[in-house]
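Asker: So you can see what is in the structure, the chains are spelled out below.
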Amino acid sequence: GAVVSQHPSRVICKSGTSVKIECRSLDFQATTMFWYRQFPKKSLMLMATSNEGSKATYEQGVEKDKFLINHASLTLSTLTVTSAHPEDSSFYICSPNPGPRGGYGYTFGSGTRLTVV
Amino acid sequence: QKEVEQDPGPLSVPEGAIVSLNCTYSNSAFQYFMWYRQYSRKGPELLMYTYSSGNKEDGRFTAQVDKSSKYISLFIRDSQPSDSATYLCAMIGNAGNMLTFGGGTRLMVKP
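For the record, the sequence lines run as chains A and B.
If you read the first sequence in this note's numbering, its first letter stands for residue 1156, the second for the next number, and so on.
If you read the second sequence in this note's numbering, its first letter stands for residue 11, the second for the next number, and so on.
Derived by calculation from the structure, the hints in this document are not laboratory data.
Glycine residues also receive a C-beta, built at the ideal position from the N, C-alpha and C atoms.
Treat the hints with caution; some may be incorrect.
Chain A is faced by these chain B residues, among others (derived, beta-carbon under 7 Å) [stated by the list, open to error]:
{"#": "1", "residue": "F111"}
{"#": "2", "residue": "G113"}
{"#": "3", "residue": "G114"}
Ranges of calculated distance between the beta carbons of each label pair, as one might list FRET restraints [as the list claims (entries may be wrong)]:
{"#": "4", "chain 1": "A", "residue 1": "S1209", "chain 2": "B", "residue 2": "R87", "range": "43 to 53 Å"}
{"#": "5", "chain 1": "B", "residue 1": "E15", "chain 2": "A", "residue 2": "P1195", "range": "16 to 26 Å"}
{"#": "6", "chain 1": "B", "residue 1": "S38", "chain 2": "A", "residue 2": "F1183", "range": "23 to 33 Å"}
Using the sequences and the accompanying hints, generate a full structural model.
Answerer: Now the structure itself:
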């Protein structure tokens, strides 16, 4: 599977501020990146799919204006939580879409734990 | 009914036991099957992947897929306390599709 680097691993921010999470695909060019959110003791919930050079695709119920996704290059996708509130506190994880290599398994970033106070 | 069902546990076993983790699914289009291990506050780690039906072994881990029954399993031999984690099954129909996850099973291996 792909090698994925996600930063930061942990962030605490004040309500109303914005937080940017970076996800890099280190060993192959990812045209799309999956962004997940995970609540405690729950499975991963797909939030959106970023696409290099075009707009992200958001899942139903996910606010586009709150969770800004940018896929600036084939190796970097970012998720910005804007005007964060305590209810945005969660674990966010990225995963590059391996495309035709999908049969070799999908890999994930190490995750970002966001706490909004 | 969820597309992929997985018993949430927790499953508690003594060290050295053989662990069996399972998922059932309803979509016959799924062809690729993956198992992930997730430690608390970490991203999922890919353990095993299999294509179509059959078995695959890697060290202490064996993955089995029975497409006719829509049932997949992960066996862990000689379980260790370090195996204590949440195990997620995931599957896709075609390479490049988004993953469909099970809810995860929490495993505790007691020394």
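Asker: Which numbered hints turn out to be false for this structure?
Answerer: As far as the earlier hints go, not one is violated by this structure.
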